[in-house]
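Q: Assemble chains B and C onto chain A, guided by the hints.
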Amino acid sequence: MNSIIKLEIQKKTFKKKDFSILNDFDLEVKPGERLSIIGESGVGKTSLLNILGLLDTDYQGNYKLFDSPVNDLSRNKLAEWRNQKIGFVLQESSLINSLTIEDNIKLPLMYGNVEKDLTVQERFKRITNKIGIESILEKKPLDCSGGQRSRAVFARAVIMNPQIILSDEPTASLDLENKNKIINLLFDMNKEFNTTIITVTHDLDVANRHERIITLERNE
Amino acid sequence: MKYSLFRFIDVIEAFAIYLMCFSTNLIFTYVKTLDLGDSYILRTFLESIIEYQLLINIFLTFVMIVFHYQFLNRKKTEISCRILVGDTMVNVVIRYILNSLAILVFSFLLSLLLNFYLELNITSNLYLVFIFIIYILISAGKVEKE
Amino acid sequence: MRILRFFILKIFLKRPLLVLGMITLLLLANYLSFTTVRSVISTFQGYEEMEKLNQEGTIIANLDPDSEADFNRIKIEDTQKVYEYLNNNYTYALRVDGFVTLLPNEHQMEVPFNYIDEEAYKINQLELSQGDHLNFNYKFNKDDIPVLIGAGLAKTYPVGSNIEITDPVTQQLVNLKVQGVLKKNAQSSNFYAPNSKNYHNFSIFLPINEEFIQNAGLDLHVNGLMDLILLDSTKEEAMNLRENIKENLGLEFNFFNQQENFEFFEDYYLNSLIIICTITLILTIIIVGLAIWNNLVSVRLMIRDFTINLLVGLSYSKLRAIFYSYFGMLFSIILVIVSVITAYNRYSSWLRNDSTFATYGILGLISMDWMALLIVLFIDVIIAFVIVELTIKKIKSIPISVGVLQ
Chain A
4 MNSIIKLEIQ KKTFKKKDFS ILNDFDLEVK PGERLSIIGE SGVGKTSLLN ILGLLDTDYQ
64 GNYKLFDSPV NDLSRNKLAE WRNQKIGFVL QESSLINSLT IEDNIKLPLM YGNVEKDLTV
124 QERFKRITNK IGIESILEKK PLDCSGGQRS RAVFARAVIM NPQIILSDEP TASLDLENKN
184 KIINLLFDMN KEFNTTIITV THDLDVANRH ERIITLERNE
Chain B
60 MKYSLFRFID VIEAFAIYLM CFSTNLIFTY VKTLDLGDSY ILRTFLESII EYQLLINIFL
120 TFVMIVFHYQ FLNRKKTEIS CRILVGDTMV NVVIRYILNS LAILVFSFLL SLLLNFYLEL
180 NITSNLYLVF IFIIYILISA GKVEKE
Chain C
4 MRILRFFILK IFLKRPLLVL GMITLLLLAN YLSFTTVRSV ISTFQGYEEM EKLNQEGTII
64 ANLDPDSEAD FNRIKIEDTQ KVYEYLNNNY TYALRVDGFV TLLPNEHQME VPFNYIDEEA
124 YKINQLELSQ GDHLNFNYKF NKDDIPVLIG AGLAKTYPVG SNIEITDPVT QQLVNLKVQG
184 VLKKNAQSSN FYAPNSKNYH NFSIFLPINE EFIQNAGLDL HVNGLMDLIL LDSTKEEAMN
244 LRENIKENLG LEFNFFNQQE NFEFFEDYYL NSLIIICTIT LILTIIIVGL AIWNNLVSVR
304 LMIRDFTINL LVGLSYSKLR AIFYSYFGML FSIILVIVSV ITAYNRYSSW LRNDSTFATY
364 GILGLISMDW MALLIVLFID VIIAFVIVEL TIKKIKSIPI SVGVLQ
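Protein chains in written order, with the numbering used here: chain A, 4 to 223; chain B, 60 to 205; chain C, 4 to 409.
Extracted from the complex, chain A is given alone in its bound form (with noise of 0.2 Å):
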């Protein structure tokens, strides 16, 4: 099966420090993998995310998305690609706080010019059923508890119905209960959709549910 991320990296380097991450780093990943990204703070994971999402394209090296090279691609497109192929389940902080929940998980939409399409206004609410949110649609973010706010994320995350999931740290602030809940809506989009599924995290028992580990160590 062809890669869906094909990525190689020679070196991220940054315009105020003098130091440089992921040194030589390739990675592959096939559709629908489940992987897991650890290591210490400071190694390069949510640079590598970042890399990954299209929102960083500063760096030395070669990156095909879907068997296109990244580098080639306009701003305009990468912003496509964001809304369209890729989701990103970020932490529960990640919400517009003036607008209302249902806003949030639509915002997608607006950029995809989906927001009439029936087939997604189902989706909506077949996902806000799933996650149990639909009594918190009109509230705002801050009127919310962590894990609703996180549901709320992962809701935006998946309303487009991406071909990869990224997930930096998706459960970082949440308790046990909501933590499992996260992981598998997660898993359950990679088993229904065979979405690929990639998280940073440094809780190794989310990473250990994963089906593939990459440990990012610090440049000596």
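Everything labelled a hint here was simulated from the structure, so no lab data went into it. Bear in mind that the values here come from a model prediction, so they are computed numbers and not experimental data. It cannot be assumed that every hint is accurate.
Below 30 Å or equal to it, Euclidean Cα-Cα: the simulated DSS-like pairs (lysine-lysine) are [said to hold, decoys possible]:
#1 Lys13/C to Lys128/A
#2 Lys145/C to Lys125/C
#3 Lys142/A to Lys128/A
#4 Lys61/B to Lys143/A
#5 Lys13/C to Lys142/A
#6 Lys67/A to Lys396/C
#7 Lys399/C to Lys80/A
#8 Lys13/C to Lys119/A
On the chain A side, residues computed to face chain C include the following (Cβ under 7 Å) [said to hold, decoys possible]:
#9 Asn74
#10 Arg78
#11 Asn86
#12 Lys88
#13 Ser101
#14 Leu102
Ideal placement from N, C-alpha and C gives every residue a C-beta, glycine not left out.
A: Relative to the frame of chain A, chains B and C by itself:
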């Protein structure tokens, strides 16, 4: 500065806005005292602006409201953290008022130099000081934690 | 459009204070630029009028501002002598205004009388909307006097109608015959205040000839000398007139030739305009600086909102388009406010029955206002470009992954 919500850049920003408001008012007042002689073009132009001196000055002071608003919004987390480690909201508010007043007074005193240089009455900027004090007191009611 | 509406309603307007702050600053910048641009346009209009007048051989009279003038001792016989001397030795252009009379009209405006001789009429002929131009060879006290009237009087006094009135300068009952109607907003500038305009929408232009001048009162005689223009003359010849006036009336007059007038006007106009433009430029830069600060502060507060949108599919080019549209809307609102203020100022002349400033215009604004608004619109495009590009630069400098968690 240890107890203050104000960082150096905040002080500079507030200070610059106060000074700009005071200077604008003083320059308007100064222009009114000038004898422009036969220069009708210049006189009518300046009159058409000076006619709205009070309105323009009040509009400019609005920038200070924006400063207080964005400042207090940005400082919500810091206020939460301070309260978490033993500070009280009352103390935070009092310090905020005192710090704001200190910046205002210092700016006003500095603007007096321009007053003396332009030989204008030192009371010219007083009404602006009152407006700014009102802004500080109103904004003090908006000191909130996250 | 959907995305723009979303950003305006759900992101920008959620912090109305910042929007209000921005509108306030941009309003100040716009009003200032508008006032300056209109002042410059008005001055250039006045300058053009002056150029028509200031030809080779033209000498313009001006009462010496440093001299002591005792108008009470001047008698009509003395001024008649001066005008006799003028008629015998010079070709001159004479125009006198400022005589206001009451004449019934639908807007109940006072009616200013403008007395103009043939030479002055030739130099700066006003455009007509109806009827014919003035003729000057009528017999005073025998013929009807042909007159031009302002557009505001045309309904009450159409072309061909007669007006019987006591003439303010001869104090005699005269019959005026409406010969033509001036175009709407016909105006003339002051010699020494070229940016100030007198609109003739309610004026009556009365042609004067030698006979009329002889019959006129002291007011017209003295006022006529104030801005007298000698044509095809020299400075030396003008000095003779200077002596004659001094001898007969005791008034000190200066006479300036083309070169002197040119130098004076160039110096005066140019210096005034340079000072005005410099003041405006400095103030605009300060205000735009504050507007940039205001917008960067908004970005600081809303960075999470922007970056979350970028995360889920918004591109930087769309965000740029959103900002340009947003500022386009702000500037449209502001230009409407400036237009309303200006239209109200113009309308207040009608409320005050101030006939020299009452103007007709589209939505209350005259062509000069529209032209100034157009230039201000151009200035707004530059301001919007600077603010939006700096804002986008600031947003781009914050990594999406960092902004999302702020």
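Q: Next, verify each hint and record whether it holds.
A: Now the hints, each set against the structure:
1. Lys13/C to Lys128/A: Holds. Lys13/C to Lys128/A sits at ~23 Å (cutoff 30 Å).
2. Lys145/C to Lys125/C: Given pair Lys145/C, Lys125/C holds - Cα atoms ~25 Å apart, limit 30 Å.
3. Lys142/A to Lys128/A: 16 Å, holds
4. Lys61/B to Lys143/A: Violated. Lys61/B to Lys143/A sits at ~35 Å, over the 30 Å cutoff.
5. Lys13/C to Lys142/A: Holds, at about 15 Å.
6. Lys67/A to Lys396/C: 28 Å, holds
7. Lys399/C to Lys80/A: Answer holds: Lys399/C to Lys80/A is near 17 Å, not above 30 Å.
8. Lys13/C to Lys119/A: 19 Å, holds
9. Asn74: 17 Å, violated
10. Arg78: 6 Å, holds
11. Asn86: 3 Å, holds
12. Lys88: 10 Å, violated
13. Ser101: Result: holds, 4 Å to nearest chain C Cβ.
14. Leu102: Result: holds, 6 Å to nearest chain C Cβ.
When the structure is compared with the earlier hints, violations turn up for hints 4, 9 and 12 and for no others.
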